[in-house]
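K.L.:
Could you build the full structure based on these sequences and the hints that come with them?
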Amino acid sequence: MSCYLISYDLRGEDRDYKELIDAIKEYGTWARITESFWAVVSENSAINIRDNLKSHLKDGDRIFVVKSGVEAAWSNSIAKNEWLKKYL
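Quick note on this note's numbering: the sequence shown kicks off at 1 and runs consecutively.
FYI, nobody ran anything at the bench for these hints, they're computed from the structure. Careful: at least some of the hints might be erroneous.
In silico EDC-like cross-links for lysine to aspartate or glutamate, where the CA-CA straight-line distance does not exceed 16 angstroms [stated by the list, open to error]:
(1) LYS58 / ASP9
(2) LYS54 / GLU19
(3) LYS54 / GLU82
(4) LYS58 / ASP16
(5) LYS25 / GLU35
(6) LYS58 / ASP14
(7) LYS85 / GLU71
(8) LYS54 / ASP22
(9) LYS67 / GLU43
(10) LYS18 / GLU43
(11) LYS54 / GLU26
(12) LYS58 / GLU19
(13) LYS25 / ASP14
(14) LYS58 / GLU13
(15) LYS67 / GLU82
(16) LYS54 / ASP9
(17) LYS86 / GLU71
Treat the numbers as computed from the prediction; the structure is a model and nothing was measured.
P.N.:
Put into structure tokens, the structure is as follows:
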């Protein structure tokens, strides 16, 4: 399993974060890092994750999914430091 970082921008007047956030949480092992930046642990590829989450977005919304690398640094994350150290 790998850790994937997800960033998104929901654009337009009728933004609905709940559906997308619920889909992210379905991965089971997840952490909210900032308001629109998450990490999930999954056996799926970045492409699979993107395609799954994209089905919860509207035209013009943006999403970025990248496999976590070997080095990270953060400050004042919403996620607990222990979670980030374990999975990133």
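K.L.:
Does each hint fit the structure? Answer for all of them.
P.N.:
Against the structure, the hints come out as follows:
1. Restraint check for LYS58 and ASP9: satisfied, since their Cα atoms lie roughly 11 angstroms apart, inside the 16 angstroms limit.
2. Using a Cα cut-off of 16 angstroms, the hinted pair LYS54 and GLU19 holds, with the two alpha carbons roughly 11 angstroms apart.
3. Using a Cα cut-off of 16 angstroms, the hinted pair LYS54 and GLU82 is violated, with the two alpha carbons roughly 29 angstroms apart.
4. About 9 angstroms separates the Cα atoms of LYS58 and ASP16, which keeps this hinted pair within 16 angstroms; it holds.
5. In summary, the hint linking LYS25 to GLU35 is supported, as the alpha carbons are separated by about 14 angstroms, within the 16 angstroms threshold.
6. A hinted pair counts as satisfied when its Cα atoms are at most 16 angstroms apart, and LYS58 with ASP14 qualifies at roughly 10 angstroms.
7. Between the alpha carbons of LYS85 and GLU71 the distance comes to roughly 10 angstroms, so the proposed pair stays at or under 16 angstroms and holds.
8. This hinted pair checks out: LYS54 and ASP22 have alpha carbons roughly 13 angstroms apart, not beyond 16 angstroms.
9. Only pairs whose Cα atoms come within 16 angstroms are accepted, and LYS67 paired with GLU43 is accepted, the gap being roughly 11 angstroms.
10. Under the criterion of a C-alpha separation no larger than 16 angstroms, the hint pairing LYS18 with GLU43 is inconsistent with the structure, at around 24 angstroms.
11. Pair hint LYS54 plus GLU26 holds up; C-alpha atoms about 14 angstroms apart against a cutoff of 16 angstroms.
12. A C-alpha spacing of about 11 angstroms is found between LYS58 and GLU19, which places the hinted pair at or below 16 angstroms, so the restraint holds.
13. Between LYS25 and ASP14 the CA atoms are separated by roughly 22 angstroms; this puts the pair beyond 16 angstroms, and the hint is violated.
14. Using a Cα cut-off of 16 angstroms, the hinted pair LYS58 and GLU13 holds, with the two alpha carbons roughly 11 angstroms apart.
15. A C-alpha spacing of about 19 angstroms is found between LYS67 and GLU82, which places the hinted pair above 16 angstroms, so the restraint is violated.
16. Among the hinted pairs, LYS54 with ASP9 is consistent with the structure: their alpha-carbon atoms are about 12 angstroms apart, no more than 16 angstroms.
17. Restraint check for LYS86 and GLU71: satisfied, since their Cα atoms lie roughly 12 angstroms apart, inside the 16 angstroms limit.
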